[in-house]
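**Student:** Here are the chains, one letter per residue:
Protein chains: 2
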Amino acid sequence: MRYKCTVCYDGSQFHGFQTQSDLRTVQIEIEAALEIIHKRKVNIFACSRTDAGVHAYGQIFHFDSEIKMPEWNMQNAINSRLPNDIYIKKVEIVSEDFHARYQVSKKEYHYLIDVGEYDPLKRNYRYYPKYHKTNIEAMEAASKVFIGVHDFKSFTKNHEIKNTVREIYDIEFIREGSLVTIKFIGNGFLHNMIRIIVAMLLEVGWGNLSKDDLEYILKQKNRKLAPKLAPANGLYLYKIYYNEKN
Amino acid sequence: MRYKCTVCYDGSQFHGFQTQSDLRTVQIEIEAALEIIHKRKVNIFACSRTDAGVHAYGQIFHFDSEIKMPEWNMQNAINSRLPNDIYIKKVEIVSEDFHARYQVSKKEYHYLIDVGEYDPLKRNYRYYPKYHKTNIEAMEAASKVFIGVHDFKSFTKNHEIKNTVREIYDIEFIREGSLVTIKFIGNGFLHNMIRIIVAMLLEVGWGNLSKDDLEYILKQKNRKLAPKLAPANGLYLYKIYYNEKN
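If you read the protein sequences in the order shown, they are chains B and C. The numbering used here numbers the first residue of the first sequence as 69 and each following residue consecutively. The numbering used here numbers the first residue of the second sequence as 69 and each following residue consecutively.
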């Protein structure tokens with residue numbers, strides 16, 4: 069049986085999603101829960117890695133199991149063995165040709181900026197820039213530079229990867245009071261790509277860079293021209309879209 | 069100079085407000101910030117104690133200082149020396165007959181219950197009851213029992229206190245989607261009083277007790293009849309009202 073799971077987590081207390089030595093990660097906690105249920109080690113395959121502090125409302129993973137149980141039953145079995153900062157929202161039994169990572173058609177990430185007064189209760193869930201006057205309209209206009217197929221080499225931390233071309237389908241700005249949600253939809257995102265883009269858009273919002281500057285930096289394919297990184301706590305892996313048959 | 073401060077904090081990582089031995093409390097952190105500014109120990113006088121895990125949007129304290137500076141300047145001076153889970157929202161220079169604790173006319177607390185699907189990102193800021201069908205209308209109707217002047221001896225943890233009579237001016241239920249905010253306004257609240265009342269109201273919402281049962285328990289003045297306690301993470305010290313001249 070192959071189970072597809074949609075998982076929500078608060079990234080604040082994790083060293084990211086993926087297992088790495090002894091650090092507390094989301095993957096370690098989920099695999100520990102599955103090991104109790106299966107009485108053997110179970111590997112999960114997730115759609116995306118997320119960095120330390122990054123949250124997820126719609127991370128997807130799959131695993132194979134010899135245990136046949138109804139979807140709601142498997143959901144409860146896992147949730148009852150997870151710490152309270154991870155929650156499985158949905159379990160689906162899928163065919164064995166489904167793969168959480170290789171059949172993705174689109175990924176949607178949200179980045180949350182609050183330009184209002186600092187609220188310590190939301191400090192882990194939004195970025196509160198210290199610089200106070202942020203021109204959101206200028207950020208939104210400049211964001212158009214990134215839409216389409218581009219080589220995002222200037223906007224990634226990882227320079228070992230060969231193919232740094234990605235397509236961004238849409239970047240949308242949504243304002244609710246002092247909260248600005250920037251929605252990114254694309255076929256995939258490089259390591260740190262969204263956080264670097266947001267940091268550079270904020271430089272536009274603060275009047276330090278122009279839209280033309282961003283266009284120039286994009287064309288130069290040189291990370292040294294985009295040396296900023298927005299904090300992890302504003303970033304959410306929001307939704308993963310699969311090809312229709314999945 | 070007497071300074072009155074309005075402070076907001078995330079109670080999750082504190083052992084309550086008030087200093088007690090070596091535990092991390094809100095008071096310790098604020099007094100440490102003031103000690104850096106004043107180069108001497110400064111005592112603060114707060115309106116209310118809050119327990120571990122309880123949040124505040126409008127806790128009030130005052131302190132006396134030989135330093136004369138504009139209100140915004142003192143606010144920045146303190147905030148820049150506080151950890152990021154405490155934030156001073158307002159500083160006011162007040163007359164020396166103002167006292168944060170002794171001139172209170174009303175206190176407003178909010179208790180947040182979410183009857184929808186569990187969200188791990190909000191786990192520290194709302195109570196998610198595990199029991200799923202909660203009759204909010206029945207809770208609201210039963211809450212009327214507590215409005216007015218009553219001896220709340222059945223609804224407090226502290227049985228050493230002599231005067232357990234308090235007046236609740238209003239209890240209001242506000243629904244926004246799956247979120248239920250219960251607003252309590254009164255002249256004062258005993259230790260754990262709101263959390264015990266909420267726990268007993270939830271028993272009504274789950275069909276285990278009736279409004280008449282709550283009336284009976286209130287009259288009996290016996291905590292053994294009200295042995296429940298709602299979690300701290302749903303409770304907020306929302307606003308303190310002072311007599312007009314303050």
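Treat the hints as calculated values from the structure; they're not laboratory data. Where is the CB? At the ideal position from N, CA and C, for every residue including glycine. The reader is advised that the hints may include incorrect statements.
Computed footprint of chain B on chain C; a stretch qualifies when at least three of its residues, placed anywhere within it, have a C-beta under 8 Å from a C-beta of chain B [claimed, not checked]:
(1) 71 to 78
(2) 152 to 163
(3) 253 to 260
**Student:** Taking a Cβ-Cβ distance under 8 Å as contact, does the segment 152 to 163 of chain C have three or more residues in contact with chain B?
**Tutor:** holds (count 5)
**Student:** With a cut-off of 8 Å between beta carbons, are at least three residues of the segment 253 to 260 of chain C near chain B?
**Tutor:** violated (count 0)
**Student:** Three residues or more, CB to CB closer than 8 Å: is that satisfied between the segment 71 to 78 of chain C and chain B?
**Tutor:** holds (count 3)
The structure fails to meet hint 3 from the earlier list, while all remaining hints are met.
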